[in-house]
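Student: Note that the protein sequences, when read in sequence, are chains D and L. Be aware that the first sequence starts at 9, since it is given in my numbering, and climbs by one per residue. Be aware that the second sequence starts at 103, since it is given in my numbering, and climbs by one per residue.
Accuracy of the hints is not assured; some may be wrong.
To be verified - For lysine to any residue, the following SDA-like pairs were computed, each having C-alpha atoms within a straight-line distance of at most 25 Å: (1) L:209 with D:66; (2) L:209 with D:59; (3) L:167 with L:241; (4) L:290 with D:21; (5) L:290 with D:22; (6) L:290 with L:241; (7) L:216 with L:165; (8) L:216 with L:251; (9) L:209 with D:81; (10) L:167 with D:36.
It should be emphasised that the hints constitute simulated quantities derived from the structure, not laboratory data. Please read these numbers as outputs of a predicted model, since none were measured by experiment.
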Amino acid sequence: MRPEPFGALLYHFGTRRLSFLKSQTVLAVVRSLADHPSARSACAAAGVPDADLPAYARALAALRDSRMITERTGP
Amino acid sequence: MSVVQETAQRASASPGRLVDLFERGLDAPICLTWELTYACNLSCVHCLSSSGRRDPRELTTGEAKAVIDTLERMQVFYVNIGGGEPTVRPDFWELVQYATDHHVGVKFSTNGIKIDPAAARILAASDYIDVQISLDGATAEVNDAVRGPGSYATAMRAMRNLADAGFRGFKLSVVMTRDNIGQLDEFKAIADRFGAQLRITRLRPSGRGADVWPELHPLPDQQRSLYDWLVAHGEDVLTGDSFFHLSAYGSALPGLNLCGAGRVVCLIDPVGDVYACPFAIHSQFLAGNVRDAGGFEAVWRSAPLFQQLREPGDGGACRSCGHYDSCRGGCMAAKFFTGLPLDGPDPECVQGYGQAALAAVAPGQAPKPSEDHSHRAAPRRTAVPVTISRRRPPDRGCDESPLAGFAPT
Numbered sequence: 009m010r011p012e013p014f015g016a017l018l019y020h021f022g023t024r025r026l027s028f029l030k031s032q033t034v035l036a037v038v039r040s041l042a043d044h045p046s047a048r049s050a051c052a053a054a055g056v057p058d059a060d061l062p063a064y065a066r067a068l069a070a071l072r073d074s075r076m077i078t079e080r081t082g083p
Numbered sequence: 103m104s105v106v107q108e109t110a111q112r113a114s115a116s117p118g119r120l121v122d123l124f125e126r127g128l129d130a131p132i133c134l135t136w137e138l139t140y141a142c143n144l145s146c147v148h149c150l151s152s153s154g155r156r157d158p159r160e161l162t163t164g165e166a167k168a169v170i171d172t173l174e175r176m177q178v179f180y181v182n183i184g185g186g187e188p189t190v191r192p193d194f195w196e197l198v199q200y201a202t203d204h205h206v207g208v209k210f211s212t213n214g215i216k217i218d219p220a221a222a223r224i225l226a227a228s229d230y231i232d233v234q235i236s237l238d239g240a241t242a243e244v245n246d247a248v249r250g251p252g253s254y255a256t257a258m259r260a261m262r263n264l265a266d267a268g269f270r271g272f273k274l275s276v277v278m279t280r281d282n283i284g285q286l287d288e289f290k291a292i293a294d295r296f297g298a299q300l301r302i303t304r305l306r307p308s309g310r311g312a313d314v315w316p317e318l319h320p321l322p323d324q325q326r327s328l329y330d331w332l333v334a335h336g337e338d339v340l341t342g343d344s345f346f347h348l349s350a351y352g353s354a355l356p357g358l359n360l361c362g363a364g365r366v367v368c369l370i371d372p373v374g375d376v377y378a379c380p381f382a383i384h385s386q387f388l389a390g391n392v393r394d395a396g397g398f399e400a401v402w403r404s405a406p407l408f409q410q411l412r413e414p415g416d417g418g419a420c421r422s423c424g425h426y427d428s429c430r431g432g433c434m435a436a437k438f439f440t441g442l443p444l445d446g447p448d449p450e451c452v453q454g455y456g457q458a459a460l461a462a463v464a465p466g467q468a469p470k471p472s473e474d475h476s477h478r479a480a481p482r483r484t485a486v487p488v489t490i491s492r493r494r495p496p497d498r499g500c501d502e503s504p505l506a507g508f509a510p511t
């Protein structure tokens, strides 16, 4: 993950794909995912308004589909 | 750049187009091309860097490693290594190892000359190395006319070695010309046969390419069939985002439809010069040198040329065209080396404005590349005529004296 003025760039060496986080807020959400029990809780902590949650859900789903983030396996 | 795909756009939670974000430039390049040497065993007629002979000023192993240290610090994900033929540098494998040890991924382009079974096994074993084998014809006849005799066989052997070593998804890289656009399906079949991915890019009038561009660049109807083929194959085929000028036909092609010169891409040449783009080796696009104080980082962040390229353009002569938002005026290097103004249409503008503009360029008016490392003598395409005279046998069986039978008068 590489911070940029608009958010961040992510690169996956396995899939050789780039992804973009197009705001500082979505960057904060992705960074804190591991510290929260759920994506919803990470969004809340980053100050995402409820009305914007569907957009953030779509963004995280896209990152999951490109294997940039994966579901926790342990507790 | 072909990794800049549609998924990226979907991963956004806020409006705003990537094009607009990228126009202002990034803290570090996404797509950095690094040509390690001007030396090459081939003399391809369209070589974008006019390669052939090594330059005595090329970066030393130590200097190259210092560049890699900088790239690691800047968090450059990977470098596209090319040349010349990069694998002919004696320290090539050492530098690749050094880069991957320092978290800089490597993708390198080669004609395959050094990809023997042992090299293929090393490459297949690394997650951080990708390989592009260059081939410009799906048949030896079409390929060798451009890349030289034997080059088709060399590339096929290299791909066979990579496939046998278990390397999946390496790239078969093709420059599209008037002579090979009809072979698109055959290229795809070759890539599929070796478990490779097809990557096609645009022929630019850069380097020696300027000499052959008028005869080799695709004709208008070929551009149309290329566009349709790309739309049909979507993200299966990589393009280095090099055909964004074709987006003016209709829907945008996958990837970043933007000239990335100095914004998201740049070139480090073998002597450490930093140019805005791999296809723009000319003093007008020279931003600095990695040997300067501050190194590559200072050049990328503060070179006046790069600052200027990151200023939003106004579209120039293309501003009033309804397709400007799709094609963004096309390729800077293609315009420059055909003598066209940089704020006007691309020479291969699909709306036809390029042809009209080209007709207005006086012969000899197009700028020449600043560097030329071509082999001084063209490689011979035919047998060398020699006569070997049979030695005259000695006069007697026991007489080996070179003066035997010599009778001065």
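Student: Kindly indicate which numbered hints from before are broken by the structure, ordering the numbers from low to high.
Tutor: Hints 1, 2, 3, 9, 10 not satisfied by this model.
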